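K.L.:
One-letter residues, chain by chain:
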Amino acid sequence: MNLAPDLPPIAALAVAVLALAGAAVALTGAIGLLRFKTFYDRVHPPTLSTSLGLFCIVLASIVTFSVLGTRLAIHELLLFFFVTMTLPVSMMLLARAALFRDRVEAFDKELAAEVRAAAQQEAADLAAAQAEAAALAAVDERPGHDEDAAYGRD
Amino acid sequence: MTREVLAIALFVAQAMLALALCLCVYRLIRGPRAQDRVTAIDSLYMNALLSIVLVGIRTGSELYFEAALVIALAGFTSTSAVAKFLMRGEVIE
Numbered sequence: 472m473n474l475a476p477d478l479p480p481i482a483a484l485a486v487a488v489l490a491l492a493g494a495a496v497a498l499t500g501a502i503g504l505l506r507f508k509t510f511y512d513r514v515h516p517p518t519l520s521t522s523l524g525l526f527c528i529v530l531a532s533i534v535t536f537s538v539l540g541t542r543l544a545i546h547e548l549l550l551f552f553f554v555t556m557t558l559p560v561s562m563m564l565l566a567r568a569a570l571f572r573d574r575v576e577a578f579d580k581e582l583a584a585e586v587r588a589a590a591q592q593e594a595a596d597l598a599a600a601q602a603e604a605a606a607l608a609a610v611d612e613r614p615g616h617d618e619d620a621a622y623g624r625d
Numbered sequence: 111m112t113r114e115v116l117a118i119a120l121f122v123a124q125a126m127l128a129l130a131l132c133l134c135v136y137r138l139i140r141g142p143r144a145q146d147r148v149t150a151i152d153s154l155y156m157n158a159l160l161s162i163v164l165v166g167i168r169t170g171s172e173l174y175f176e177a178a179l180v181i182a183l184a185g186f187t188s189t190s191a192v193a194k195f196l197m198r199g200e201v202i203e
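Chains as they are written, first to last, in my numbering: chain H, 472 to 625; chain F, 111 to 203.
Only chain H is shown next, with the shape it has when bound in the complex (with noise of 0.2 angstroms):
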């Protein structure tokens, strides 16, 4: 446990609190990511960690091998620019696709609550068709009821 590079007591400090925010930072986004309620607001707290957090710890590591190679060491900043421009257009796609099913899922519903309504209608229709039916054929079978009497036919 005792690993760290031998730096000058300047740059030690400077690591160790870049270091630690980053690694706050990047703590702070996956509590976020876990306590919040809804998926559009969950998409959002680790990009803190892609972005400052990100940044702060490739800050940290450019002053350690600049102190140690004893030259400026910026290939670090490589990773934050790739980082940077790739996170945006990942999110941005799972942001649109999540939006996406989610609105297929809203219609589905919306269209089988409509299925269900005309189903039940036609249902209350065809009993409403059978009651009246078996309303006339009691009429019909009523004894001394003769049809043709009572339209006046022989």
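Warning: the hint list may mix true and false statements.
[To be verified] Taking CB as the label site, the calculated pair distances span:
1. F:Arg-140 / H:Pro-559: 24 to 30 angstroms
2. F:Leu-183 / H:Ser-537: 53 to 59 angstroms
3. H:Asp-596 / F:Phe-195: 33 to 39 angstroms
[Claimed, not checked] Here's a subset of chain F near chain H, in silico, CB distances under 7 angstroms, partners left out:
4. Ala-117
5. Ala-119
6. Ala-123
No lab work stands behind these hints, which were simulated from the structure alone. Computed from a predicted model, the values in this text were never measured in an experiment. Note that the Cβ used here is the ideal one computed from N, Cα and C, for glycine as well.
Chain H is already provided as a structure; the job is to place chain F on it using the hints.
P.N.:
This is chain F only, laid out in the frame that chain H set:
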């Protein structure tokens, strides 16, 4: 003395990142829908990348930087592919 302080600070930072990884795994297992799980795995690889850069600082070796770059590349590709899959039902049309 400064070396011990730096070692402790880096250890604490790595512990924080490990905790963040655990929270992401919890969301990955729990997450009610597919998009929550994809967000969780995206956050997971990003925290792993940060933790690998910290390991690179700790050992003073430049190799870990390349590993972090590869993780960033693979993570972006996989997240985009899965998002496309969620939207269209297939990745390559």
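K.L.:
Does each hint fit the structure? Answer for all of them.
P.N.:
Hint check:
A beta carbon spacing of about 26 angstroms between F:Arg-140 and H:Pro-559 agrees with the range 24 to 30 angstroms that was offered as a hint. For the pair F:Leu-183 and H:Ser-537, the supplied restraint of 53 to 59 angstroms is violated, since their beta-carbon distance comes to about 25 angstroms. Between H:Asp-596 and F:Phe-195 the Cβ separation comes to about 45 angstroms, which falls outside the hinted range of 33 to 39 angstroms. Given the 7 angstroms rule on beta carbons, the hint for F:Ala-117 holds: about 4 angstroms separates it from the nearest Cβ of chain H.
For F:Ala-119, the interface hint holds, since its Cβ comes within 7 angstroms of a Cβ in chain H; the closest pair sits about 3 angstroms apart. With a cut of 7 angstroms, the hint placing F:Ala-123 at the interface with chain H holds, because the nearest CB-to-CB distance is about 4 angstroms.
In this structure, the hints that do not hold are numbers 2 and 3, in rising order.
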